[in-house]
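Engineer: Each chain, letter by letter, is given below.
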Amino acid sequence: MLDVSRLIKRFGSREALKGISFRLEDGEIYGLLGPNGAGKTTTLKILAGLLAADGGEIRLNGEPYFRESSELKRKIAYVPDQPFLYYKLTGEEHLFFFAELYRIPLDRVREKADFFFKYFEFEEYRREIVEHYSAGTRQKLLITQALLVEPRVLLLDEPLISIDPLVGRKFKNHLKQIVAGGTTIIFATHILSLAQEVCHRIGVIVDGRIVVEGRISDLMNLAADKNLEEFYFRTVQSHEKLA
Amino acid sequence: MKNLLKVKIRQLKNSFQSGEKGKFFIVLALGLFFLLVLGFFTQRIFGYLYQLPEFPLVFKLFIAEKLMTMIFLTLFSMLLLSSFLASLDIFYLSRDLEFLISSPMSLKTIFNWKMVEVIVISSLMVVFFSFPVLFSYCFHFASSLFRVAEVLLVFMLFVGSGVLLGIIFGLIIPFFFSVKRLQPVLSVFSIIIISSIVIFLRLLRPERFLNPDEIDNVLKYMGSLDIKFFYYFPFYWISRSLTHVANGKGVEYLKIVLFFAVVLAVLFFIIVGLRKKIFLQLFDKLSHGGRGSYRSSWRHRLFTGEYGALWNKEVKTFLRTPAQWSQLLIIAALVAVFVINMRMIPLPHPSVKNFVAYLNIGLTVFIVAGLNSRFSLPTIPLEGPGLVHLLSSPMEKDKFVFFKWLFYLSPQLVIGLLLLWIGDLSLHFDGFTRVFGLLFLLPAITFLTTLAHFFGMKIKELSHLSPEHVIVSKNGIAYMLWSMIYIVLALAFFARPVFLFYYAGFTRNPVPYAEIVTWFTAFLVINFLAVLIFFRRCRTMWRRREI
Chain A
1031 MLDVSRLIKR FGSREALKGI SFRLEDGEIY GLLGPNGAGK TTTLKILAGL
1081 LAADGGEIRL NGEPYFRESS ELKRKIAYVP DQPFLYYKLT GEEHLFFFAE
1131 LYRIPLDRVR EKADFFFKYF EFEEYRREIV EHYSAGTRQK LLITQALLVE
1181 PRVLLLDEPL ISIDPLVGRK FKNHLKQIVA GGTTIIFATH ILSLAQEVCH
1231 RIGVIVDGRI VVEGRISDLM NLAADKNLEE FYFRTVQSHE KLA
Chain B
-18 MKNLLKVKIR QLKNSFQSGE KGKFFIVLAL GLFFLLVLGF FTQRIFGYLY
32 QLPEFPLVFK LFIAEKLMTM IFLTLFSMLL LSSFLASLDI FYLSRDLEFL
82 ISSPMSLKTI FNWKMVEVIV ISSLMVVFFS FPVLFSYCFH FASSLFRVAE
132 VLLVFMLFVG SGVLLGIIFG LIIPFFFSVK RLQPVLSVFS IIIISSIVIF
182 LRLLRPERFL NPDEIDNVLK YMGSLDIKFF YYFPFYWISR SLTHVANGKG
232 VEYLKIVLFF AVVLAVLFFI IVGLRKKIFL QLFDKLSHGG RGSYRSSWRH
282 RLFTGEYGAL WNKEVKTFLR TPAQWSQLLI IAALVAVFVI NMRMIPLPHP
332 SVKNFVAYLN IGLTVFIVAG LNSRFSLPTI PLEGPGLVHL LSSPMEKDKF
382 VFFKWLFYLS PQLVIGLLLL WIGDLSLHFD GFTRVFGLLF LLPAITFLTT
432 LAHFFGMKIK ELSHLSPEHV IVSKNGIAYM LWSMIYIVLA LAFFARPVFL
482 FYYAGFTRNP VPYAEIVTWF TAFLVINFLA VLIFFRRCRT MWRRREI
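Residue numbers (my numbering), protein chains in the order written: chain A, 1031 to 1273; chain B, -18 to 528.
Read the hints as simulated data drawn from the structure, not as lab findings. Positions of the beta carbon are idealized from the N, C-alpha and C atoms, including for glycine. A hint or two may mislead.
What the hints assert, rightly or not - With a straight-line cut-off of 20 Å between C-alpha atoms, the simulated EDC-like cross-links for lysine to aspartate or glutamate are:
#, chain 1, residue 1, chain 2, residue 2
1, B, Lys380, A, Asp1237
2, A, Lys1048, A, Asp1237
3, B, Lys380, A, Glu1098
4, A, Lys1048, B, Glu527
5, A, Lys1118, B, Glu527
6, B, Lys378, A, Glu1098
7, A, Lys1142, B, Glu295
Unchecked claim - Over 10 Å on every C-beta distance to chain A, these chain B residues come out as not near it, computed from the model:
#, residue
8, Leu13
9, Ser83
10, Lys257
11, Leu309
12, Leu310
13, Asn335
14, Met376
15, Pro392
16, Leu394
17, Leu443
Make a model of the complete structure from these sequences and hints.
Structural biologist: Written as structure tokens, this is what we have:
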């Protein structure tokens, strides 16, 4: 269970997060929606340990979580919104490197790497350095890397950007499988149809605050909107005016 | 063409206005400093040569011509290589090519624009370094305004010939090889050539030029320098034409200028032909880059766990970045020059040996400071986007800082000891100098490496940076300055105990060991504290690092 309460983050005088709170059960997929600069990536980065929160609290299975908590961080994996990779390592080496930072035995990594290279259809790039990868292949590697360490909490920031629809579908199917095994997923995206398809619950962030949260069907029924797009636009516009 | 120039100027203005002003002025100040130093030396050399009463003017000009041939040989190699590499980059790999070629602009305009870019980029450095040399030459041998104009004209033709030749090679080579794979190899090749030139020039022993006592040897030396093979190259033509300018042989000069102009015209027409026949065809070929296969083994030989992972990553990244490991060749060339210098240093009196040994150890620390500037300083900034994985991983943060520090410190300690040993072999150090060398070198290298990591840690960019970018950044320059200050202060600090020891020997008094030991201990303690402070600050910065 992941419990985020009153999370605050400031960049100089600008308050990027103004007390974000949400609570996720094991095996839940939570979608973070919101306009650019609303605070989605900042929230994920704090959870990944890339940023330090200026206030608030994060608890993972009841234990307080900090940037330095190595043991708890072993349970979290992050897929960034940009292809942050070592360009001079091959895809396979990148996976070995990442897995070793998580102290996963290499035999297990090899086995899982075999599976993912085939599953996400980039086996022929396995021994090629990342520098020569296309944007989509880089994204596949980032996703594989995160899935390889079998995290309890998976943080995904626009994971399907540049991925072809066939592999995208495989990825979504795999997410459903790992969620069934108890993994919690936080999914930041602008693709509303994806959020509708995959997420159990969504939270809409506007100007550093979660303004609406709940099951998509419940939210739309409540607001009497025909689809998620209409609901999203109305919600964001009304809260942006207030902000 | 005019619009493209406007865009370029606008980009330069924008980068100048968006915070790069400080960097620009620092680089400018450093450039001017180098220019002044170079100007000072060339002025001294040509001035000395000009004033030698024993030599007739004809002989002085002959020596000057040979000196200029050596200088222009180096500059021509630089021109050829830089324009070759710049051509590959600008004609085939630059990011704006796809945009430009898909625009309604004519291919001729695009090509001409790219050619201008190559000419400017590849000749800038050579023109910059040539300025003090030409100034000194003109000042002593061709001082009238008309002669200066003649020198400048032939120099422009020289630069043009080197650049156009490089462009031709750059345009043709992708016909045979993949540019993406070729470029790193060529970078290494260019570094090998530069290193060879450095050693070649040192082995020529140019200091013998200016020794009038060795007149017979100089004549022999001149004869050996008159290499027929050089007659076919522009660096020989320009040196020859400068002699004609100085001698006032206008017709001979004009013949060379005309020959230069014809060569340039031929080279230009070859480029036009290549543009029409192969440029677009080769640009298309680039879009179908092949896929290579790398040895992807991930075995641990020295360390296991996180340290093993970091070790493998560091070694593989280093070996697969030719811009990194090829620098070792330049360092090897510098070490060779260091050794040659030591073997050739004349020691008029045995007492001078101790002073030379002392300076030699200081020079070793300067070399290590240079190594740190090239390798330790950029190591954390070069992690670039990979920092995301390091910071989000469960690895304890301190392990990364410690690993990086140790990874770069260990080989430098070995290099420092190696240089000390070479110095010992050449100069036959006494026991005191050996002890001093060890007690000075090892702590100094440790401090300089720590300082380099400290300044590297301060660079907070997440993009893929080049080592050159890091070195000329604000923190890179700060490191260079502080390391120089440290070395000068440390040498000044040790001057006292070194003086005490040798003065006691000179005056046949008992050596004041207690005072000497106090000085040494004080240095070790201060150095240790400095290392500790900077290492801890480095660690704190890393712990607080946000992305």
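Engineer: Could you run down the list of hints and mark each one as holding or not?
Structural biologist: So, going through the hints one by one against the coordinates:
1. Lys380(B) to Asp1237(A): violated (37 Å)
2. Lys1048(A) to Asp1237(A): Holds - the C-alpha atoms of Asp1237(A) and Lys1048(A) are around 8 Å apart, at most 20 Å.
3. Lys380(B) to Glu1098(A): Within the cut-off at roughly 12 Å; holds.
4. Lys1048(A) to Glu527(B): holds (19 Å)
5. Lys1118(A) to Glu527(B): Between Lys1118(A) and Glu527(B) the Cα gap is close to 24 Å, so the pair fails against 20 Å, i.e. violated.
6. Lys378(B) to Glu1098(A): Roughly 8 Å separates the two Cα atoms, so the pair holds.
7. Lys1142(A) to Glu295(B): It is violated: about 24 Å lies between the C-alpha atoms, which goes past 20 Å.
8. Leu13: holds (36 Å)
9. Ser83: holds (19 Å)
10. Lys257: holds (31 Å)
11. Leu309: At roughly 17 Å from the nearest Cβ of chain A, Leu309(B) sits farther out than 10 Å, so the non-interface label holds.
12. Leu310: Its Cβ never comes within 10 Å of chain A, the nearest being 19 Å, so this holds.
13. Asn335: Non-interface label stands for Asn335(B): nearest chain A Cβ at 47 Å, farther than 10 Å.
14. Met376: Contrary to the label, Met376(B) does not stay out of reach of chain A, its closest Cβ about 5 Å off (not over 10 Å).
15. Pro392: For Pro392(B), whose nearest Cβ neighbour in chain A is about 19 Å away, the distance exceeds 10 Å, so it holds.
16. Leu394: Correct as stated: the minimum Cβ-Cβ distance to chain A is 26 Å, above 10 Å.
17. Leu443: Nearest chain A Cβ is 8 Å from Leu443(B), so the label is violated.
When each numbered hint is compared with the structure, violations occur for hints 1, 5, 7, 14, 17.
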